[in-house]
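Chains as they are written, first to last, in our numbering: chain A, 13 to 185; chain B, 13 to 185; chain C, 13 to 185; chain D, 13 to 185; chain E, 13 to 185; chain F, 13 to 185.
The set of hints was computed from the structure by calculation and includes no laboratory data.
No incorrect hints appear here.
Same chains, same names: a pair is fine if it fits in one copy or spans any two.
Straight-line distance between alpha carbons at most 27 Å, and here's what the computed DSS-like set of lysine-lysine pairs gives:
id, residue 1, residue 2
1, K179, K14
2, K153, K141
3, K180, K14
4, K179, K121
5, K173, K29
6, K36, K158
7, K14, K158
8, K141, K121
9, K121, K173
10, K14, K173
11, K29, K158
12, K121, K153
13, K83, K29
14, K180, K141
15, K180, K153
16, K83, K104
17, K179, K104
18, K104, K121
19, K104, K173
Number of protein chains: 6
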Amino acid sequence: MKVLRAVIPGRFQPFHKGHLQLVKWTLERVNEAIIVIGSAQESHTLQNPMTAGERILAIRKGLECEGVDLKRIYLIPVPDILMNSAWVAHVKTYVPPFQYVVSRNPLVKILFEEAGYSILEPPPFDREKYVATNIRLMMIKGEEWKNYIPRCTAEVIEELKIPHRLKKLMERD
Amino acid sequence: MKVLRAVIPGRFQPFHKGHLQLVKWTLERVNEAIIVIGSAQESHTLQNPMTAGERILAIRKGLECEGVDLKRIYLIPVPDILMNSAWVAHVKTYVPPFQYVVSRNPLVKILFEEAGYSILEPPPFDREKYVATNIRLMMIKGEEWKNYIPRCTAEVIEELKIPHRLKKLMERD
Amino acid sequence: MKVLRAVIPGRFQPFHKGHLQLVKWTLERVNEAIIVIGSAQESHTLQNPMTAGERILAIRKGLECEGVDLKRIYLIPVPDILMNSAWVAHVKTYVPPFQYVVSRNPLVKILFEEAGYSILEPPPFDREKYVATNIRLMMIKGEEWKNYIPRCTAEVIEELKIPHRLKKLMERD
Amino acid sequence: MKVLRAVIPGRFQPFHKGHLQLVKWTLERVNEAIIVIGSAQESHTLQNPMTAGERILAIRKGLECEGVDLKRIYLIPVPDILMNSAWVAHVKTYVPPFQYVVSRNPLVKILFEEAGYSILEPPPFDREKYVATNIRLMMIKGEEWKNYIPRCTAEVIEELKIPHRLKKLMERD
Amino acid sequence: MKVLRAVIPGRFQPFHKGHLQLVKWTLERVNEAIIVIGSAQESHTLQNPMTAGERILAIRKGLECEGVDLKRIYLIPVPDILMNSAWVAHVKTYVPPFQYVVSRNPLVKILFEEAGYSILEPPPFDREKYVATNIRLMMIKGEEWKNYIPRCTAEVIEELKIPHRLKKLMERD
Amino acid sequence: MKVLRAVIPGRFQPFHKGHLQLVKWTLERVNEAIIVIGSAQESHTLQNPMTAGERILAIRKGLECEGVDLKRIYLIPVPDILMNSAWVAHVKTYVPPFQYVVSRNPLVKILFEEAGYSILEPPPFDREKYVATNIRLMMIKGEEWKNYIPRCTAEVIEELKIPHRLKKLMERD
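Bound-form chain A, shown alone:
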């Protein structure tokens, strides 16, 4: 039987418990999930503090601790391309063959639909609670950001000193 794969695109700045639910939900529907780490070239900004490599490490350790089978997961960084209409082809180049895309984002959905892919639209998964922008703000303010993030992901983020980086980026010059 053919292996079914779904792409999960995101920036994962940072990977949080909502994302974790999304990955688990996807693995109930396909054989393998391809987590596409978008805007891979970005880092060291308030919007995108982590490098692609740091995000890969944080996601992987998080998934592993939560018992997700890493053999069913691909973690693939994809840099931005400044041409929406070629973005799907660009993503396709970087990842193994796939049939589905998991996303609620209108642009992602329209681009993959026009390219002939099926969309797996997931439920919103407490999206008021798990919001990456808010979590980055909590890091800056020194609030309890770790509650919103898988335990081992949080450990990696601390070890990499991402909250410290965010605080420094907030300083006035």
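Chain A is already provided as a structure; the job is to place chains B, C, D, E and F on it using the hints.
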């Protein structure tokens, strides 16, 4: 204890038994190996027939069948940057923190050395026998290329019809 | 006698009746008009919904129905270049030799003037009425956008389902 | 009835009588032909002497004199993208919707086939006789290049002084 | 003895008396100052009116008139790179070997610190008074911008007609 | 009186005594010479071993020792642009206003001529003797390369260990 990681850069067009030996040799020396799939943007040429995503799939299935612990492996595509002196920083962006580079390539060694990394120089591993250029030629001529490639990598390559793609690229217009 | 040509730069998202007047006005002054479709790499956003190819089709069919002689028209897509001071040279590369630029845009005028071209500054042509941003908004709201657009351009836009694309891009994720 | 369109990709350095036959052959099979002027960013080299804009002018005037109906022709410059697997999506962005590709080039055929397009493979049309490389050489040597090129295309090329440019590029420094 | 060098990154739109103090302060601490003219590709906008070459000329003539020893100064334009984590390596490519970075900018400091450089943090030097944004506004309004700028820098800026360029960019289309 | 400036484009891999003669020859004809260090993004190859910053340092120290007045010299790195027809505009962005170009290179001459600049064609200056390619070869072979290079340029090149870098790049992997 700190996790030791080594980067193994290559184009892997295709991943062959020499590469497999290299990965095993590396895993005897560090905790985790980061296979950097270089020239990730290239595909559909005689030199670089496979896309980055196809190479990821082929390497991963090959490693898995050979009993390599995938939890100790990162497979990360990195596109070319047209500036040698920024290449190490570029690779660093895409991968988790690492201490070593596994390579015999003079340019790779000089660039990582100047950036302060330690080089792990592997033995040549039958390099007269396992040569990607020759393997691609065998694919074109219909010769026994599968002997030179890990079994499950070869299966993926067949399923993806890479020899067929190479043959078509060789046709006269 | 030397053929006189004028460049008309714009994004044409979408081409409207104000643009049509501009083209006709230009053809009264030169032999051939070169419509430069700028930001050619952009599409699938609220600001730039149409691809360059879709814009070419929509403009051409619009001009044809309105009786404009296509033999006197060039429709040429030009992608952005991230360097204002090289933009004129960039445009020159993509288009046949020309002597004039038709524009009221301050940046366009300053760049072409510094490069030694003559500016043909057109009258404003009901510019309160024909505003591309408003027309895109009407498409989203389902209002009477077709009144503002040449008839056959509107037909192409409907056939390409651009209003539908815009509505989808407006959805919440 | 749906309008049938075919893409004819080439560099057209320069457009010759073989290309003219190709366009005519295409117009017998579809309603509209889209001539894609590839490597649009290239010029002023021995391989690619003409700019995209110069090529557009030369092709258009050539077609017009030969009685080809310009209303059925699109002339669209497309710059190179350094990623074969995204090239078809890139071309699609720049051109109106199409169903066919006219080409004998193996890479072009494989890329469009993988993207789901039908290939119209034309006959070779005296390809020993009409070879762009040879025609450029004749220009350099001052030989009878005009026999190989549509009459009005040749006139444009002379007016643009392309043979002179080629000769200057051949000078020793 | 080893030559000590410090990099001073900025956009210098325009170079003002605060910048001049910064250069002098730096020359009291190292042998040679490398003025890195960032966003070198930008020009002809309200934020970045001057080209890199114009900025080089304006800074150099300003420093010379103020008695700064040009033999101790490097003026080097560096275009943007869209990858923060590779920016330091990018800057290193363009400039002679250096040990220090002179900056109060949080992003600049964090990036150079992570790359192992020492930061020389200068005092704020009347930064309420010398603000490039305000000086550009004064140019637009025709106010007394010359008081804020080294005398010969101001002369170059006038000769290059930068205030005129800014005013034209502010016009309505 | 207007300041006369001439651009001297080159790669300067490395700067040799022929280049020195060229600079002196230029300074007899104009007020200021702008040395454009082309292919600025290149380094660490056999063709282009030095970074732009290393070349700037080597040229400057060489000129200074030879008594050239640095106040009349600009040393400006310019990265490649992949579009010949926009190259002159690209160079113009990076350098102060100029009237002349000093070059014997056919492509450089044709591009600047088409852009309306005057060419100052220098004599060949022992060009059989001073050939950058040969000098790099001498560095690799350990031969007497220093005879061909201004004394202080040679000192910088030694301090930067460029011959060592070249030798390492020549090693077999």
